[in-house]
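Enquirer: For the record, the sequence lines run as chains E and W.
Note that the UniProt record's numbering has the first sequence beginning at 1, numbered continuously upward.
Note that the UniProt record's numbering has the second sequence beginning at 1, numbered continuously upward.
Worth flagging that the hints you see were computed from the coordinates, not collected in a lab.
Pair by pair, the computed Cβ-Cβ distance ranges are: (1) E:Glu115 <-> W:Glu128: 41 to 49 angstroms; (2) E:Gln133 <-> W:Asp99: 46 to 54 angstroms; (3) W:Glu128 <-> E:Lys146: 52 to 60 angstroms; (4) E:Arg59 <-> W:Asn59: 29 to 37 angstroms; (5) E:Lys243 <-> W:Asn59: 46 to 54 angstroms; (6) W:Lys104 <-> E:Lys179: 36 to 44 angstroms; (7) W:Gly129 <-> E:Tyr230: 31 to 39 angstroms; (8) E:Ser85 <-> W:His86: 30 to 38 angstroms; (9) E:Lys179 <-> W:Asn59: 50 to 58 angstroms; (10) W:Gly90 <-> E:Lys243: 37 to 45 angstroms; (11) E:Gly136 <-> W:Glu108: 25 to 33 angstroms.
Each residue gets a CB set at the ideal place from its N, CA and C atoms; glycine is no exception.
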Amino acid sequence: MLTKRIIPCLDIKNGRTVKGVNFVDLKDAGDPVELAKKYTETGADELVFLDISATEERRATLIDLVRKVAAAINIPFTVGGGISSLADVDVLLRNGADKISINSSAVKNPNLINEIAAKYGSQCVVVAIDAKQIDGEWIVHLVGGKVPTELNLFDWAKEVEQRGAGEILFTSMNNDGTKNGFANEALAKLSEIVNIPIIASGGAGTMEHFAETFINGNADAALAASVFHYQEIEIPKLKKYLKGKEINIRL
Amino acid sequence: MKIAIIDYGAGNVQSVLFALERLGFEGIVTNDWKTIKKADKVIFPGVGEASSAMKMLVNSGLDVLIPTLKQPVLGICLGMQLMCKHSEEGNTNGLGIFDVNVVKFSQEVKVPQMGWNTIYNLKTPLFEGIKENEFMYLVHSFYASLSENTIATTNYEHEYSTALKRDNFFGVQFHPEKSGILGEQILKNFLNL
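When you get a sec, could you build the whole thing from the sequences and use the hints?
Expert: Pasting the structure below:
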């Protein structure tokens, strides 16, 4: 049986791991390669690296990091942040990334999803969607949740699936950084309207939150950063706990 | 040992190279007939879309070479699917090494299957030291049905061939290079054939 995935997310700035609370106020939480190795050894199912620095020179740093990570670990990983062209995708995949994640660039140029899927296959295209619930409606936001768009989360999710996305990484801006649990209602609705895997992100605080997002939110995977980086939740314990809840988990 | 990794413009060859490095081997990424023919082992990787990958194989003449190889050949993911008779993805013929067709999962399950699933009914020395029902990492929307060539099974929607073998040709749907220590063990087993 296919198992639910636990995915630590490493936010990267200038080659170092950082994690902000509500995407602002960044703190240094260690060396990405060391963290990646540690997570692999403790049973992470996959890793996500989000590059949040945004200048030209950081590209070279990121590519170097991707190579180092790919050489060091034997589980799949996704790279996102600032990817806006097929050329960006090409260089990351060639250096060992398994999947790439696009966010703002997909909203600005939805055709990019089609292009990447056609060239490399849907399985390597993750579309990250940051959304905030405003007056009952889930609105897609850009730039780490700062800039609202006119897109409705569910319409956009459908569209990215039709364009060839292989997976959706949904971050609820209402939940992110709160440690009060994932946005399970929206997640369950997403799983109903699209037929590609959904990664839940934003709000992990306790082991119960992970169980809830798999059971009530129907998420295929759950992503978290600070609870793992600061060892508030240890992955082996978490996975044992989830297994005890009769959730399919790789132990 | 000379290990050729077939380069036809599709696929994440870097991950395979790194996995070989972790095992203490060096691979040569190549589309050169002579190099491939002389290699002790040949790895045929691939991610992407079947019909366009097949076109690239045809354009480089590799579609003629691969079925004639005599040394152990390992197709990974799309590489394995291209070694089958036909793929529904882009409605393309494959290399016809394995006597089975590749078809798409239905809408009853999420497509692609993405993540860790178990492999069982393991046959052949490719799985030496691997227990039944260990987890491997899979990412795919199309699958090869069960056949006489099946040497490992996975269940997603229903049972299908997660590994195939005919003569010196092996194919795995999962990614041994991304499946932790056990995946690396399977790669090692292939290199030891």
